[in-house]
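Asker: Here is what each chain is made of, one letter per residue.
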Amino acid sequence: MIKALITLFILYAALCPSIRANDNIGLAAHLGLQYDVGNLSSLPGAQVSPQINVILGARVKTDIRFAFIQLGLEQSFLASEGEILNNSYGGLRKTSIQYLAFPLYGGLNFPLRDSGKFYIGAGGAWMIGSGYVKSSTAKKNLRKIVFSHGLTAGVQIRLTRDFGLYLDWELLYGDTGPVIDIDPAHDWKNFTVDYSGNRFHCGVFYYVK
Amino acid sequence: MSNRKIIIAAAVLLLLASPAYALKTVVSLGANLGLAPDMGGNLRSGFQENVLGVSNGIDGINRSMDGADTEKINKLLGACGGIDFKVVFATYFLFRMQANFAMNFFGGRGASLDQAENELKAEYSLWIVDIPFMLGASIPFGNIVRISLCGGMAFAYGSYSNSFKSSAVSGGATFDGWTFPWVIMLTGEYFFREDIAITATLGYYNGATDTIKSGSDYSKIDFAGFRLNIGFSYYFVNIGRKGT
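Top line first, the protein sequences correspond to chains A and B.
Going by this note's numbering, the first residue of the first sequence is number 1, and it counts up by one from there.
Going by this note's numbering, the first residue of the second sequence is number 210, and it counts up by one from there.
FYI, nobody ran anything at the bench for these hints, they're computed from the structure.
Every residue, glycine too, gets a C-beta built ideally from N, C-alpha and C.
A hint or two may mislead.
What the hints assert, rightly or not - Okay, the calculated bits of chain B under chain A, using three or more residues with CB under 8 angstroms as the criterion:
#: 1; region: 264-271
#: 2; region: 331-343
#: 3; region: 347-353
#: 4; region: 369-383
#: 5; region: 391-400
Stated by the list, open to error - If you want a taste of the chain B side facing chain A, the calculated C-beta under 8 angstroms gives, among others:
#: 6; residue: VAL235
#: 7; residue: GLY276
#: 8; residue: LYS281
#: 9; residue: ILE405
#: 10; residue: ILE407
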């Protein structure tokens with residue numbers, strides 16, 4: 001884990017060439033939301049009570065002319081469990097899945113005159129998945145590392161010389177591979193925990209420079 | 210909606226855009242490259258459902274067990290690129306047409322287990338050509354940036370192939386088909402010069418073909434998904450910085 005973190009920081013540093021006088025560096029903290037964690041509603045025939053997670057995160061964002069690079073840290077927390085209500089997808093019953101993630105994104109900034117920025121980017125996250133999945137016969141505790149890729153877009157509004165607000169959307173794709181058997185006729189593991197999905201963040205930005 | 214109606218709707222959109230030349234218009238050509246994550250959706254097919262017992266395609270194909278040499282099959286990640294033609298008229302309105310190509314370059318290959326728990330080699334691939342026609346708004350922010358939002362319909366043609374082989378079962382098919390997915394695109398343009406902008410576009414497509422039969426197998430081609438493209442636009446009339 002430490003090696004991966006160091007790698008991410010080296011990558012971030014390498015991607016940040018010399019910062020110019022007009023460029024910004026900022027620290028940010030946000031609250032976020034992910035609906036239908038695990039994508040249970042996409043399972044064929046399933047009537048589900050979707051899992052909802054709340055996200056707490058922080059990031060450092062460097063703007064270099066029209067480009068940006070941002071490295072973050074995010075932890076998701078369970079707000080409500082996911083449940084298959086009609087027992088329609090094998091033996092799968094409940095999910096309670098969270099993650100600790102280190103997202104790294106790069107992209108383009110589009111200044112909205114002097115009042116803020118609109119940005120679009122792509123990247124990915126190194127995630128440590130945790131929580132559990134329950135089937136009709138077993139409960140599997142998760143501890144899986146997932147590499148995901150994704151897209152982001154958002155708006156950052158400058159309120160004062162030092163502070164701003166941001167609102168953004170992040171779409172990640174990543175899953176664990178099979179972790180639990182939900183098919184009573186076989187001994188295999190055949191259910192994959194899917195960390196893919198939309199996340200919405202709202203946060204405060206502090207301009208270090 | 211029938212295909213004929215969709216073609217008529219696209220023609221009307223083109224005709225609506227053409228009087229824009231009577232207004233103050235600027236025209237641009239551009240090119241872009243990008244990513245298309247989760248291409249093709251779950252790529253389900255009849256063979257996977259009936260022979261392998263997998264009703265949600267690539268989302269459910271992975272199986273593993275002790276002693277079996279399996280390898281995770283990832284969802285398709287595609288690379289995409291294309292050219293675009295834009296007409297900005299009356300300062301704030303936009304007609305946009307593109308020609309794009311996308312194909313998977315990561316994922317879609319690995320080893321799972323068949324119903325008899327034998328090792329199963331699985332492979333998925335997909336390529337798509339699409340030509341969207343869109344109308345929308347293009348808002349200037351100062352003379353350096355434009356943000357535009359447009360939506361419309363695309364003609365999309367796709368070719369999806371899969372193959373599954375184990376010691377007990379063997380199957381595979383190629384499905385070719387076309388449809389008219391709807392498309393929405395959000396674009397930022399940053400003008401380096403009066404006539405050249407670097408662009409980033411977030412697009413979303415939604416639509417799938419009817420069920421396509423190939424031999425004894427059947428499937429749909431799902432065009433739904435996001436795309437992110439970065440590129441440039443060249444404006445034949447100055448629009449950025451000192452322009453309109």
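Asker: Each of the hints needs a verdict: does it hold here or not?
Answerer: Verification of the hints:
Counting residues of the region 264-271 of chain B whose C-beta sits closer than 8 angstroms to any C-beta of chain A gives 5, which meets the bar of three, so the coverage hint holds. With a threshold of 8 angstroms between beta carbons, the proposed coverage of the region 331-343 of chain B by chain A is violated, since 0 of its residues qualify and at least three are required. Three residues within the 8 angstroms Cβ limit are the bar, and the region 347-353 of chain B against chain A gives 3, so the coverage statement holds. Using a Cβ-Cβ cut-off of 8 angstroms, 0 residues of the region 369-383 of chain B lie near chain A, which falls short of the minimum of three, so the contact claim is violated.
Three residues within the 8 angstroms Cβ limit are the bar, and the region 391-400 of chain B against chain A gives 4, so the coverage statement holds. Because the closest C-beta pair between VAL235 (chain B) and chain A is about 18 angstroms apart, greater than 8 angstroms, the hint is violated. Among the interface hints, the one on GLY276 (chain B) is violated; its C-beta lies about 10 angstroms from the nearest C-beta in chain A, farther than the 8 angstroms criterion. With a least beta-carbon distance of about 4 angstroms to chain A, the hint placing LYS281 (chain B) at the interface is held under the 8 angstroms criterion.
At its closest, the beta carbon of ILE405 (chain B) sits 13 angstroms from a beta carbon of chain A; the interface hint therefore is violated under the 8 angstroms criterion. Taking 8 angstroms as the C-beta cut-off, the interface hint given for ILE407 (chain B) holds, the closest approach to chain A being about 6 angstroms.
In this structure, the hints that do not hold are numbers 2, 4, 6, 7 and 9, in rising order.
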